[in-house]
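Participant: Listed below, chain by chain, are the residues.
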Amino acid sequence: MKLTSFFSVAAASVLLALPVGARAQDASITVASTTSTEQSGLFGHLLPIFKRASGIDVKVVALGTGQALDVGRRGDADVVFVHDQAAEEKFVAEGFGVRRIPVMYNDFVLIGPSDDPAKSAGKDIVAGLKAVYNAKSAFVSRGDKSGTHAAELRYWKQTALDPATEKASWYRETGSGMGPALNTAAAMNGYILADRGTWLSFKNRQNLKIVVEGDTKLFNQYGVMLVNPAKHAHVKRDAGQKFIDWLVSAEGQAAIASYKIGGEQLFFPNATK
Amino acid sequence: MRSTAPVQNNSALVELVRVRYRVGDTEILRGVSLQINPGERVALLGANGAGKTTLLRLINGLISSNEGTLASPPVALQAMLFQKPPLLRRNVLDNVAFALKSRGMAETEAEQLSMQTLSRCGLTGLSQRYARALSGGEQQKLALARAWVTRPTLLLADEATASLAPAAVHEVERLMLDMCEQGSTLIFATHNRGQAKRLATRIVFMSAGRVIEDRTADDFFANPASQEAIDYINVERV
Amino acid sequence: MIADAFLQALALVSSFDPAVMSIVWLSLKVSGAAALIGALIALPLAAWVVQTRSLLREPMIVLLNASLGLPPVIVGLVVYLLLSRTGPMGALGWLFTPAGMIFAQVILVTPIIAALARQVLEDAQQEYQDLFASLALSRWQSLQTLLFETRFSLLVLLLAGFGRAIAEVGAVMMVGGNIAGHTRVMTTAIALETSKGELALALALGLILIFIVLVINIAAHYARQVLRRRYA
Numbered sequence: 011m012k013l014t015s016f017f018s019v020a021a022a023s024v025l026l027a028l029p030v031g032a033r034a035q036d037a038s039i040t041v042a043s044t045t046s047t048e049q050s051g052l053f054g055h056l057l058p059i060f061k062r063a064s065g066i067d068v069k070v071v072a073l074g075t076g077q078a079l080d081v082g083r084r085g086d087a088d089v090v091f092v093h094d095q096a097a098e099e100k101f102v103a104e105g106f107g108v109r110r111i112p113v114m115y116n117d118f119v120l121i122g123p124s125d126d127p128a129k130s131a132g133k134d135i136v137a138g139l140k141a142v143y144n145a146k147s148a149f150v151s152r153g154d155k156s157g158t159h160a161a162e163l164r165y166w167k168q169t170a171l172d173p174a175t176e177k178a179s180w181y182r183e184t185g186s187g188m189g190p191a192l193n194t195a196a197a198m199n200g201y202i203l204a205d206r207g208t209w210l211s212f213k214n215r216q217n218l219k220i221v222v223e224g225d226t227k228l229f230n231q232y233g234v235m236l237v238n239p240a241k242h243a244h245v246k247r248d249a250g251q252k253f254i255d256w257l258v259s260a261e262g263q264a265a266i267a268s269y270k271i272g273g274e275q276l277f278f279p280n281a282t283k
Numbered sequence: 090m091r092s093t094a095p096v097q098n099n100s101a102l103v104e105l106v107r108v109r110y111r112v113g114d115t116e117i118l119r120g121v122s123l124q125i126n127p128g129e130r131v132a133l134l135g136a137n138g139a140g141k142t143t144l145l146r147l148i149n150g151l152i153s154s155n156e157g158t159l160a161s162p163p164v165a166l167q168a169m170l171f172q173k174p175p176l177l178r179r180n181v182l183d184n185v186a187f188a189l190k191s192r193g194m195a196e197t198e199a200e201q202l203s204m205q206t207l208s209r210c211g212l213t214g215l216s217q218r219y220a221r222a223l224s225g226g227e228q229q230k231l232a233l234a235r236a237w238v239t240r241p242t243l244l245l246a247d248e249a250t251a252s253l254a255p256a257a258v259h260e261v262e263r264l265m266l267d268m269c270e271q272g273s274t275l276i277f278a279t280h281n282r283g284q285a286k287r288l289a290t291r292i293v294f295m296s297a298g299r300v301i302e303d304r305t306a307d308d309f310f311a312n313p314a315s316q317e318a319i320d321y322i323n324v325e326r327v
Numbered sequence: 004m005i006a007d008a009f010l011q012a013l014a015l016v017s018s019f020d021p022a023v024m025s026i027v028w029l030s031l032k033v034s035g036a037a038a039l040i041g042a043l044i045a046l047p048l049a050a051w052v053v054q055t056r057s058l059l060r061e062p063m064i065v066l067l068n069a070s071l072g073l074p075p076v077i078v079g080l081v082v083y084l085l086l087s088r089t090g091p092m093g094a095l096g097w098l099f100t101p102a103g104m105i106f107a108q109v110i111l112v113t114p115i116i117a118a119l120a121r122q123v124l125e126d127a128q129q130e131y132q133d134l135f136a137s138l139a140l141s142r143w144q145s146l147q148t149l150l151f152e153t154r155f156s157l158l159v160l161l162l163a164g165f166g167r168a169i170a171e172v173g174a175v176m177m178v179g180g181n182i183a184g185h186t187r188v189m190t191t192a193i194a195l196e197t198s199k200g201e202l203a204l205a206l207a208l209g210l211i212l213i214f215i216v217l218v219i220n221i222a223a224h225y226a227r228q229v230l231r232r233r234y235a
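Residue numbers (our numbering), protein chains in the order written: chain A, 11 to 283; chain B, 90 to 327; chain C, 4 to 235.
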């Protein structure tokens, strides 16, 4: 019957089309990381170097720090590489991560309209945010529990002002990644806290520029953790550890330092072994 | 109730005893009793709504009666022609062979037999054509070939030529007669009095769900007994 | 911006940029597989609904029609939780793989194909039920014949399913993770480039996506006509 042959052809094409999912398990690991490392292009720069050195394929899932840690908690990644020290320490304390290892830092910058209506420009992030608050200028918050969002809330805490809880009308929580939030800020011509890497590689700046930078408070530390194989037996401990070891090795640290956009270095290696 | 048990009267092929059929509150058949013997060619005549189509569908087993008994050959030994032939979206040969293959006949044998039947119906040259692209007459001849190829004991036809051009009507009629010569018994519903005269050995005249007259064709047209039949013949004449 | 995007799309296509090509190819594979598997599930389901007298018939119809409106992100979230290592299907290791993306998209396209196929099969059933009864076909034979008789229309349904799959972003993003070179497809690449502010590049990828969908539909349209002509 022709129908049967139709179905067998269909089934055969399905099998052909099915991409090999489970092959070459050992030669690849999954890393849950943040949009800032992925979208700034850092991984695009690092991973080919690591692959040449180790033969290991690294698959990066880029999420907010909170989500990335959650992926690690569920055992859906082998390594977590994020930037929210408090949350990372909690992750390790709960037994989900083996050990937190600092790798590098970049810094946050306060972005705002080029005419800076709130007069927030300077080297002090706390003063800058206060100025935005007093001027009731539009401010875009990630609002997604990412590392950047956590940092932003930390700085607001230091101003002793709390527009998020006040639900101030000029304070907009977008609940989105760094890029989409920057797009929103550009469209609203508002202020936003961003990591320098994403800002440097961001193309749709329109009228925005950096208004506050260089404050030591703005340093943004990245840490890396192996997901605990004692919690999730399938974690690729060896390959994952190799990646971590490489990141903090002289070779890995040099690779991080060599990544530049427009001549500007984005990430500063500071691994302490 | 339908029964496939052998008909009591040894000679009858189809037998209905006080058959009633209702749809909701409307009574379509109001107690029809009828015996049809092998080799007969029976025309069902009557106005629209007399119950001709319902009677054919009951005999073919497409519907079941509410009351009375009905005995007819197993469905596999019957074939039915419809006014609009339901053709499959395949070529002519496959449409005919389908009837055989669905009964488990091997493909080559089915196609061989189908080609023979197509040739009898004058459709050999069209065997590879897409069935639904044929003319109305060709489509009905194809439906007839599909019926014929299964060598049915009983051929039912419901207004099978009603929407055909006169030339096609005659071709289809000739093929129906050929089938009867090969041993099929024919029961057909028609509004075409000429067709009834040309094909039928017997007329069953129906009105409002009852059989009013049941006689030979010559007798019926020469001496209609009931007022309904007289009216029907007169209307047709005008 | 739009003209810029057109030029960029042309440049990407004409240079056969390997990264773009692998993204396009993965999109076609994932969505094509999802549409085929979806059809293999949906067609028997639709056929069952058309011929059954079961009490489950009406609930199934409502369920199918309601699931036409399933939001891809919800499907993505549920599939994510299912496929997660701590979820019930975690042992498969399908999260962040193309297999997982296909799984999510099958859930999205099956209702569309089934709901449309039900309509097509029901119309054909109306047309053929007397014939099938008078040919004394079994229920299974009738179903097979119905599916075969409607094959041209069902091909279009396959395209409808494929169309929903390839245009979908929410589920593949969550389940696939948009991993460069592994699970990045057209739509997630577009979302990524948009979030990087590379609006022209995003638009260029979008143009390629639209172009591919168009080409596939044109090809299917003519394939269907040729198939028909063979019989006419």
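Mixed in with the good hints, there may be bad ones.
[As the list claims (entries may be wrong)] Label-pair restraints from in silico Cβ distances:
#1 E176(A) - W51(C): 30 to 36 Å
#2 D248(A) - Q122(C): 50 to 56 Å
#3 A170(C) - A136(B): 36 to 42 Å
#4 I215(C) - R164(A): 43 to 49 Å
#5 L158(C) - K177(A): 43 to 49 Å
#6 L59(C) - S208(B): 47 to 53 Å
#7 W143(C) - E196(B): 44 to 50 Å
#8 H280(B) - I215(C): 38 to 44 Å
#9 I215(C) - I271(A): 45 to 51 Å
#10 Q122(C) - Q231(A): 57 to 63 Å
#11 K270(A) - S25(C): 49 to 55 Å
#12 H224(C) - Q217(B): 20 to 26 Å
[Claimed, not checked] Under the rule of at most 25 Å between Cα atoms (straight-line distance), these lysine to any residue pairs were calculated in the SDA-like manner:
#13 K155(A) - P127(A)
#14 K173(B) - F135(C)
#15 K270(A) - V81(C)
#16 K190(B) - K32(C)
#17 K190(B) - A139(C)
#18 K252(A) - K219(A)
#19 K219(A) - W143(C)
#20 K190(B) - A136(C)
#21 K190(B) - R154(C)
#22 K213(A) - A139(C)
#23 K61(A) - A139(C)
#24 K32(C) - P62(C)
#25 K190(B) - W51(C)
#26 K213(A) - A136(C)
#27 K173(B) - V16(C)
#28 K213(A) - R154(C)
#29 K190(B) - F155(C)
#30 K133(A) - G76(A)
[Claimed, not checked] Residues from chain C that face chain B, not an exhaustive set, calculated with beta carbons under 10 Å:
#31 D20
#32 P91
#33 Q132
#34 T153
#35 R154
By construction, these hints were calculated from the structure, which means they are not laboratory data. For every residue, glycine included, the Cβ atom is placed at its ideal position computed from N, Cα and C.
Participant: If a hint holds in the structure, say so; if it does not, say that too.
Facilitator: Verification of the hints:
no., hint, result
1, E176(A) - W51(C): 30 to 36 Å, "violated, 57 Å"
2, D248(A) - Q122(C): 50 to 56 Å, "holds, 55 Å"
3, A170(C) - A136(B): 36 to 42 Å, "violated, 58 Å"
4, I215(C) - R164(A): 43 to 49 Å, "holds, 46 Å"
5, L158(C) - K177(A): 43 to 49 Å, "violated, 54 Å"
6, L59(C) - S208(B): 47 to 53 Å, "holds, 49 Å"
7, W143(C) - E196(B): 44 to 50 Å, "violated, 19 Å"
8, H280(B) - I215(C): 38 to 44 Å, "violated, 57 Å"
9, I215(C) - I271(A): 45 to 51 Å, "violated, 32 Å"
10, Q122(C) - Q231(A): 57 to 63 Å, "holds, 59 Å"
11, K270(A) - S25(C): 49 to 55 Å, "violated, 27 Å"
12, H224(C) - Q217(B): 20 to 26 Å, "holds, 24 Å"
13, K155(A) - P127(A), "violated, 28 Å"
14, K173(B) - F135(C), "holds, 15 Å"
15, K270(A) - V81(C), "violated, 39 Å"
16, K190(B) - K32(C), "violated, 37 Å"
17, K190(B) - A139(C), "holds, 12 Å"
18, K252(A) - K219(A), "violated, 39 Å"
19, K219(A) - W143(C), "violated, 70 Å"
20, K190(B) - A136(C), "holds, 15 Å"
21, K190(B) - R154(C), "holds, 19 Å"
22, K213(A) - A139(C), "violated, 69 Å"
23, K61(A) - A139(C), "violated, 66 Å"
24, K32(C) - P62(C), "violated, 33 Å"
25, K190(B) - W51(C), "holds, 23 Å"
26, K213(A) - A136(C), "violated, 67 Å"
27, K173(B) - V16(C), "violated, 53 Å"
28, K213(A) - R154(C), "violated, 49 Å"
29, K190(B) - F155(C), "holds, 22 Å"
30, K133(A) - G76(A), "violated, 28 Å"
31, D20, "violated, 44 Å"
32, P91, "violated, 44 Å"
33, Q132, "holds, 8 Å"
34, T153, "holds, 8 Å"
35, R154, "holds, 8 Å"
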